[in-house]
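Kindly produce the complete structure, drawing on both the sequences and the hints.
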Amino acid sequence: MQEAMKARAKELLADGSVNRVAGWKIGEFSYDITPAIFETAEEIDRDFVYDDFCGANLSKYLISQSRKEGKILVFLKPCDSYSFAQLLKEHRIIRENVYIIGIECYGKADINKIREKGIDGVLGIKESGSSFVIDSIYGEATVPKMDVYAERCLVCKSKKHAVYDELIGEEGDVVPSSRFDKVAELEAMTPDERFEFWRGELSRCIRCNACRNVCPACSCENCVFDNPNSGIANKAAADSFEENMFHIIRAFHVAGRCTDCGECSRVCPQNIPLHLLNRKFIKDINEFYGEYQAGENPDEKAPLTNFTFDDCEPSIVYKRGGNQ
Amino acid sequence: MQVNDNKDFQPTIVAFCCNWCSYAGADLSGTNRLQYPANVKIIRIPCSCRLNPIFILRAFQRGADGVILCGCHPGDCHYTTGNYYARRRMSLLFSMLDYLGIEKERTRVEWVSAAEGAKFAATMNEFVDAVTKLGRNHRLEDLRCKKQ
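Protein sequences appear in the order of chains A and B. The numbering of the first sequence is our numbering, which starts it at 1 and goes up by one. The numbering of the second sequence is our numbering, which starts it at 1001 and goes up by one.
Calculated from the structure, these hints are not laboratory results. Do not rely on the hints blindly, as some may be mistaken.
What the hints assert, rightly or not - List of simulated lysine-lysine pairs, DSSO-like, C-alpha gap at most 27 Å: (1) Lys117/A / Lys145/A; (2) Lys25/A / Lys6/A; (3) Lys319/A / Lys1119/B; (4) Lys1133/B / Lys319/A; (5) Lys10/A / Lys117/A; (6) Lys159/A / Lys10/A; (7) Lys235/A / Lys1119/B; (8) Lys25/A / Lys10/A.
Below, the structure written as C-alpha cells:
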C-alpha cells in the first residue's frame, strides 16, 4: 500500500499534474504520525509513510493548501473523505486545486490501547492477517487487531469514499455501525450519574484546544474561543462551568456538520471521549429530523440550516431519556 | 404571590423575549395587571433565533437558576422563519444539557404572542414554581460569579 501510494505520488509530481503532496510522516516517535506536505520525489522517498498509525485526517489542511498556487495531491481514507465533502459543501476548499486519491482503510491502531497491553517503546507496526505485529525496543509482540483498533474504527460507519478522483485499493461500502450504543447507555443513566460521568471526563480538560484545532468541521477563521472579550480566550478552564461551556459550545458549533471522524478524541491528550458529545448531537438530529450523515450528500441542507413546519418542540426533551 | 415550599430560596430567572411577540406579550400582561413573580428578568432580543446558545450558558454562569426563551408562535415570526431555526437549536441544546446531567427543567421554550399577556404571566408563574422546586443551580454555576 505505502509503496503504491509513493509511486503514484511521484508519478503525479513528475508529470506536473500536482506540485505538492499531502501525506503523513513520522513525527517525534514512530507511532506519532504527523501530517506533512511533500514537494519533491526525494522528500517522498525519505519521509512518506502510510501505516496503521496514520489516523490523522488530512482534509482540514486543504482549506489553506487549496488556496496556494498549483494543485495538491491528497490521500483520503473513507472517513476523511466525508470531512472533505462536508468542507466542500461549505465552500471552504477549492476543489479544482485538489486531486484526491482515495485509499482503502480497515481501521487504525490506537497507541493508547497498545500501551494498555503493556507494550512500550513502540518502533513500528505491521499487519499480519488478523493481528498486528508491533515492533518495540523490547522485541516484537503480536496482538489481535480487534484489541488495538481505535474506538472510532471498531464502530466504522463507512468504508466507501464520499469523494475521490482515483482509488488505490478497493472501494468498500457503507457498513452498519453500533456507534450510538455508548450514547444510548449514557442516556439510560440517571441525570446524577450522567453528571458524575461527565464531571469525571471533562474535569481533566486542560483547554489545549487540540480538539478544536484538529476538527475539520471547526474551521472558522475567528473562533469564538479566541475572542479576547469572551473572558475564556486562550486559557485553561478556571472551573467546572468553563469546562462545561467549552465542550457544550464546541460540540454545538459542529452539530449537523460533524461527520464523526473521531479526530477530536484521537488528539485529546487527556483521553476525554469527546466523540460522545458529537455523537449525541448526531443521534438527536437523526431522531428529531430524520437520518442525516454530514458529508454524504452535497445537495442536502444541513439540519441546523434547515427546518420543517412540523418539527418537534424543544419540550420533547422533557419527555425522553434517562431515569428520573 | 407564589407559595413556595422553600421560603428562603428565590430563584433568578432570565427570560429572553422576542421583540415582536413575547416582549409585547409581557407588556400586555403588565397593562392588564396580571401578576407574575419579580424573579423573572426579561432580556429583549430581536428574534428568538438571535439567542446564541452561549447566552443561555452565560446566564447560568452569572447566577440564573432557570432560563426561558419566549418567541412568536411558529409561523408568526416577524422575520418569517427565525423561530423555526431557534426551535431546532434549542431542542438540540436542551437535549445536550440533559445529556451532561444538567436538570432539563431549568431551560424552557415557550411561544407567546403579543396578544397572550395571560399566557405570559401563567408561563412565568409556572416556570418560577418549577425552578424553585429544583432549587439553586449548582451544576452550571460559576463560583467566581456568586455573591457572597
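Quiz item: What are the numbers of the hints the structure violates, in ascending order?
Solution: Structure breaks hints 5 and 7.
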